[in-house]
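Model the placement of chains B and C on the given structure of chain A, informed by the hints.
Chain by chain, the residues:
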Amino acid sequence: MSIWEYANPKKFTATVTPIIPWAFGIGLGLLVVGLIWGFFFTPAENRQGESVKIIYLHVPSAFLAINAWVMMLVASLIWVIRRHHVSALAAKAAAPVGMVMTVIALATGALWGQATWGTWWVWDPRLTSFLILFLFYLGYLALWEAIPDPDTAADLTAIMCIVGSVFAFLSRYAAIYWAQGLHQDASLSLDAEENVSDVFWQPLVLCLVAFGVLFVALVLLRTRTEIAKRRTLALQARQRRAEVRV
Amino acid sequence: MKAVFVRDLRLAFRAGGGFGLALAFFLIVVILVPFGVGPETAVLRRIAPGILWVAALLACLLSLDRIFALDFEDGSLPLLATAPVPLEGVVLAKAAAHWVVTGVPLACAAPALAFLLNMEGGAYLTLVMSLAIGTPALSMIGAFGAALTVGIKRGGLLLSLLVLPLYVPVLIFGASAVRRAADGLSVATPLLILGAITLVVVAVMPLAAAAVLRINLR
Amino acid sequence: MPDLGIYAFAVLASYAVTLVLLAGLIGLSLRQWRVVKAVLEKVEQDGQD
Chain A
1 MSIWEYANPK KFTATVTPII PWAFGIGLGL LVVGLIWGFF FTPAENRQGE SVKIIYLHVP
61 SAFLAINAWV MMLVASLIWV IRRHHVSALA AKAAAPVGMV MTVIALATGA LWGQATWGTW
121 WVWDPRLTSF LILFLFYLGY LALWEAIPDP DTAADLTAIM CIVGSVFAFL SRYAAIYWAQ
181 GLHQDASLSL DAEENVSDVF WQPLVLCLVA FGVLFVALVL LRTRTEIAKR RTLALQARQR
241 RAEVRV
Chain B
247 MKAVFVRDLR LAFRAGGGFG LALAFFLIVV ILVPFGVGPE TAVLRRIAPG ILWVAALLAC
307 LLSLDRIFAL DFEDGSLPLL ATAPVPLEGV VLAKAAAHWV VTGVPLACAA PALAFLLNME
367 GGAYLTLVMS LAIGTPALSM IGAFGAALTV GIKRGGLLLS LLVLPLYVPV LIFGASAVRR
427 AADGLSVATP LLILGAITLV VVAVMPLAAA AVLRINLR
Chain C
465 MPDLGIYAFA VLASYAVTLV LLAGLIGLSL RQWRVVKAVL EKVEQDGQD
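Chains as they are written, first to last, in this note's numbering: chain A, 1 to 246; chain B, 247 to 464; chain C, 465 to 513.
For reference, chain A alone in the conformation it holds in the complex (with noise of 0.2 Å):
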């Protein structure tokens, strides 16, 4: 088995049909479980409380809305070297599901950050980070949508990702740097995984596990659909020129 194969289209899809609903129902099976353990079954945390329920859902979309983008820069590498047409559907179909993601750790962080700091937003550099990242999800799914010829978009919406994936790992660390240079006490983040206890990362695990599957089921069904988009596409072409010809 090569990804190689996969680069047919029809074989990509003879595939991952099935697999599509299985996906769906351990990823979303998974979360249900982890959720419930998380919500029920964890006691309060020492110094946050029961507001440390929030980690169950803020790390792993934060963890995924990263990972989402490399996904997306891994899949656009792909497609420039190699022409894998359905890598750059790919990385077209993950890049909603990441900007969610992101959306998702931006507001339970807001959540949190109230709950345990006394305030919704603070300008510290993985904040920061992350606001920026979003931004980047917006530019690069404008760019799919302004462009109507679907392998232009694909190239440059490619070079984008790859030039944007540069700039965004030198803006976390500007981030850093910048934060530092306006207030010192950026002790305010809370590192998530170095002081989460078993009984919290337990269930943290089954939650990451949950959110990484769903994000493989939304990605595969969301790529079929770019596959099915495109060749209704080349279909319509093809009939309107046979029309001409009639």
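Rather than coming from a laboratory, the hints here were simulated on the basis of the structure.
Predicted, not measured: the structure shown is a model, and the values here were computed from it.
All C-beta atoms in this analysis are idealised placements derived from N, C-alpha and C, irrespective of residue type, glycine included.
Keep in mind that a hint or two might mislead.
[Said to hold, decoys possible] Per the computed footprint, the stretches of chain A lying under chain B, defined by three or more beta-carbons under 8 Å from a beta-carbon of chain B, are:
(1) 126-140
(2) 151-158
(3) 170-176
[As the list claims (entries may be wrong)] Cross-link-like lysine-lysine pairs, in silico, DSS-like; alpha carbons within 25 Å at most:
(4) C:Lys506 x A:Lys10
(5) C:Lys501 x A:Lys229
(6) A:Lys11 x C:Lys501
(7) A:Lys10 x A:Lys229
(8) C:Lys506 x A:Lys229
(9) A:Lys10 x C:Lys501
(10) A:Lys11 x A:Lys229
(11) A:Lys11 x C:Lys506
(12) A:Lys229 x B:Lys399
Chains B and C in isolation, oriented as in the chain A frame:
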């Protein structure tokens, strides 16, 4: 390459070429800010470095779509692409011309506007230096954005959406250099990093911009 | 139902926001697939006539 550079400069200085437009925009934004935040000198003095950098960045953005759009419309861009000069060189020359037309005047005019905002006296030199170091990167990144959106009708808004997030690192280091100077701190670190960003951008971005142009001209 | 104390709003709102957004994304993706599939099938049939 030199011919492209000179030609772009001539076009810009000709009537309606847009020279001075960026400068006027810079002036207006900086004048509008006190109306927004109130006339207190202390407040304006504090935010002056940031305001000046953001305004300069927006003024730079204003004329970006002209870099390639006009040549694309009248068909000279495909000709340039088939010219013996590599397309990367053409991109670099055009970005350089954009910088001479916008970045240099902005850097020169910034102290006058800093005066209006009562900026701290020690920061003037750093302001000019940081703008002089940072604006080439702004022009080059902008040229990439302009190349991305060259085939899109009314792509101006999309261009700013794509380019502004890319401006974040330049803005952070540029403005922080001026802020540090205003606080009487050492400005070497942000200026050096700003210079590094500019050098890397000028070296690498022409490749990306030229690749994007080739796709758009296909 | 655990006693959430002063954090009730934050926790419940977080869960609500997340679940609504996730459900919206999944629902929208499924609907897009159905619409696109219907159009594709129609076009494919037209092609065979």
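Mind listing which of the numbered hints don't hold for this structure, in increasing order?
Going through the list in order, the structure violates no hint and respects every one.
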